[in-house]
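Participant: Chain by chain, the residues:
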Amino acid sequence: MTQLLLFNITNGLIIGAFYVLMAIGLSLILNLSNVINFAHGGFLVVGGYIAYTLEPYLGFWGALIVSPFLTAIIGLAVEKTLISRVYGRDPLYSLLLTFGLAFILEDGTRVIWGANGKPFTIPAALAQPLSNQFFFITSYRLFMVAVVAVTIVLLFLLLRYTRAGVRIRAGTLDLETVSALGVNVRALRSLNFAVGIFLAGLSGVLAAGQLGLEPTMGAGLLMPSFIAIIVGGVGSLTGTLVGGLLIGVASGVTAVFFPAASEAIMYVLMAVVLLVRPRGLFGEEGMLT
Amino acid sequence: MKQLLKLEPRRKVAALAAIWAALMAAPFWMPLLGGYTALGTRVLVLGLAAMSVNFLLGFTGVLSFGHAAWFGIGAYGCGMILKYIALSTPLGILAGTLAGGIAGAVLGALIVRRRGVYFAMVTIAFGQVFYYIAFQWSSVTGGDDGLRPFYRQPLHLGVATLDILNNAVAFYYFVLVCFALAVAAMAFILRSPFGRTMLAIRENERRARFLGIPVELHIWIAFTLSCFFMAYAGSLYALVNNFADPRGLHYSQSGDFVMMAVMGGMRSFWGPLLGAVVFVVFQDYVSSITINWQIFIGFLFVLVVLFFPRGILGAIRRTVVAS
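Line by line, the protein sequences give chains A and B. Under the working numbering, the first sequence is numbered contiguously, ending at residue 326. Under the working numbering, the second sequence is numbered contiguously, ending at residue 355.
Chain B with its partners taken away, still in its complex shape (with noise of 0.2 angstroms):
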């Protein structure tokens, strides 16, 4: 492990620049291969959330089972935004990640002494506030059928109009930039010595006690972090939709993100995205061709955990090194 972070820069470089390119050029490929623009922007907001939970899960040792809720406050705030306030999409994104990450950090300070399944199980349930505010509260949120009828508005960049409601390609590029700036900002984070210091509580968290780190602190920061950039996503993905559904806060949802998360490789930078790709496109095929496809997603979780626990990176890497 630890000498597959010292994989030498040049394959790592050669890595990024597919990666980045296969995004930007994705309008193009994707329908070749049978998929369309809205899908592939769909598989780009819920891979920025999965890489959010993973920020906290595979970097910092944390397990939140909730993180839908912060996602879904999100949604409902750009929604709310753009359907009451004001037509702008910038400040819908504004509201939405601010409304998501301070209800985190607020609801992590309570519950930041908390660990393992313990943890999971209070960040499950204090989750579950947030759904049943939105499906109760129906004269502001819309109740069960979401929050409605709202769009996302043109950019106005100085000199040009960029139509992102109706050129769905436009768009997918309006996501991408978006996508960029927070996972460029994940990384610049994880660089740093406060990411390290995540690393090294993952890693042992007595010892770093004794080293003198406030480890709840730490936490409590990594898991706001975790929770604003979770809320980014959510706003986005009211954007995509033009909609913000209850059952997106729901713990199911939350479950979806950790899986994507593992099913990728929950110890790489780039396996939640990867997960997000193969889990949203399999969900989107089987419920295309039976409508009990819960028991298929239900298989998938089972299968994943019993033989493929390191995700699919994590097996390539073995094959890698073993090779």
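So that you can see chain A by itself, here it is in the shape it has in the complex (with noise of 0.2 angstroms):
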């Protein structure tokens, strides 16, 4: 019983780390534009899909660096296409274009590549079990959570010691003021959103390697990272963070008691948080509220 219990803890850590990865670019985006971006999953697809297409001329590791680049600069021009037309006006605009945006990418996909899922093969390393006499994790699923962290930390070295990320963190305060100061707005929220996109891209390739590729998953994975920003609080990446691993654990321990419940544990968690404590764990008063 503890045995199984610490398996699924570690296991809820790994999907949460997922989750996070996904969040923290959803996060990011929402923060600074105000934007909530439905077409997050969608964009993870995309990046998925750009993978698979490189992968038997690059390989796996030339498709895991290169396609998330790829993503991000699709997003990029979304973003100045489409997008920025909408910042500063009623959130009720960037939702629907968001939302219309989920809907071309996931049947944009559906036409390139076809409605029937895809295989992504991983390297043979990468695919085989860790260890059977304890638990059965994959060497792949530590590799996921590894990109995770590495991809975590330099995000917020970035954020933190490089001037766009300063101005960045800055504009999630008060964007009036660092618009003020002379900064390029426009062009800050375009490289944030690219930067967010590239995380939607990076979480795809990882995705696909774990689950195989559909059209469809992206929207599937939407969910779980709405509610790790809800409960880590809107505005703090550190938030979104702690958000993405409690609910992984929430889902991976409920998984071993009540396995039905363990995507509605999520919920649970999110309306006693928003009862508790209703900015979320690490949100501050007054952000988007």
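The set of hints was computed from the structure by calculation and includes no laboratory data. None of these values were measured; they are calculated from a predicted model. Built from N, CA and C at the ideal position, the CB exists for glycine as well. Treat the hints with caution; some may be incorrect.
Claimed, not checked - Beta-carbon label-pair distances, calculated as ranges:
no. : chain 1 : residue 1 : chain 2 : residue 2 : range
1   : B       : D316      : A       : T90       : 50 to 58 angstroms
2   : B       : A212      : A       : V148      : 40 to 48 angstroms
3   : A       : A186      : B       : Y68       : 53 to 61 angstroms
4   : B       : A212      : A       : R122      : 33 to 41 angstroms
Assembling the complex is the task here: the two chains are given apart, and the hints tell you how they should meet.
Facilitator: In structure tokens:
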């Protein structure tokens, strides 16, 4: 029993780490541009399929590195042509716009790559289980966690020590002042959006290795990211990080006792957090409320 | 905008008469345009749902992106009564409306302090709870296959029996009466002092608060009322299809409702109905010619947001004012 519980906690942490990667991208965009990017799941799928297309030429490692950049470029183009037009308007419009984009991306992948699922091969070294004795965890899952950890640490370092990163953080708190200080807010938002989509693309490649590819996979992964952000508190990236891990573990542990509720528990957690601490665990009063 | 609210009464009465005349005669003129009565009934119900979303969005300024949940609960509530408990159409509608409305009232109390994007996000996430319940709890809800079989029951009106099950035209008029009742209630609420307060909150929440209006309470009541209307529409939708679909609770359905409201014109009372007509007919058409119809819906969203943010009625009014 203890072993089973331990296994599921570890498993939950791994899944949580994956949610974090996706949610952080969503959170970045939400914090700076006040846009809920419904199309985030769509970009995830695009990232996965691009990696699938590249793999025969570049191999797994090449695809893992190149695909997120290509996805970010697509994201940048979409931001420049469409999303930047609704900044400053009622959030209703950015919601509807990204909602429409999600449809277009999902159906677009279906048109290009077909409606049926596609396998995504991972290196044999990563596909083996680590140990059959204790838990059945493939090294791919640990690899995923390592990639997520390195990415998140890099992201936090960038936000802390580079000029653009500091500006993004300042813009999250008060974009008007940042703009008044002579920072090109348009460019800052575009860069920030591209970084967010880069993370979505990376999540897509990682997810493809674990789950295979399907045009609808993005929409299913979107909701946990939402919950991670709400639980952690809107406006705080640390909050999103903690929120993602927390819901991962919660659903992992619930899977031991009551498998049917492993999805529902995330929502219960969210309801409890909203009741006890409406701004979320790390949210600051006044942020986007 | 303000001058428009005072459009001369004569014109308003004429417009109202035209709308109702068109709705009442729909079974006669629709086949001429290539429509069919069941499509008209569906438009009417979805239009009512879009108007319920707009009751909150357009008149209180609160964006809920999870309203499909209340719509779906209404549908399941109505269907379960008909399937498991009693073969009575009115009882089904009543139960569905109450179930969705009460669920909305409880969750509304939890989220009413949030605003803007945050409110939208929380409503989406909570709406999904009900989607998962409908999807997972297959022994009761039928899971992925939806709730079936159940059938709307003939109405016993004392002297006569109205066979709404087999007679599509009779069912259309039954739905039209239900629609009229809800729309009258909405119009009555919007004209009341409470409705005026909703507008005040929409226009300037801070000022409303300074005037001593308990803003949270008002938003909660508006939210709850909107949920009741939504669940009512949902119950009717279960009767339209004789089927309750888990996808009817999904957030993409909420997005469709918001789209109908915005596309028709969310600052006008009848806009969402017009939006529903355009949306449902468009969806019906593109899904009949291609399997990748979703991409067209996606482009429709993008086009409306970029070029018709005020919706069809909003655009027409602007031209009227300009000329």
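Participant: Each hint: holds or not?
Facilitator: Comparing the hints with the structure gives:
The given range of 50 to 58 angstroms is broken by D316(B) and T90(A), whose C-beta atoms sit roughly 35 angstroms from each other. Separated by about 43 angstroms at the C-beta atoms, A212(B) and V148(A) satisfy the suggested range of 40 to 48 angstroms. One distance hint, 53 to 61 angstroms for the beta-carbon pair A186(A) and Y68(B), holds here, with the actual separation near 58 angstroms. At about 40 angstroms, the beta-carbon gap between A212(B) and R122(A) stays in the expected band of 33 to 41 angstroms.
The structure shown violates just one earlier hint, number 1.
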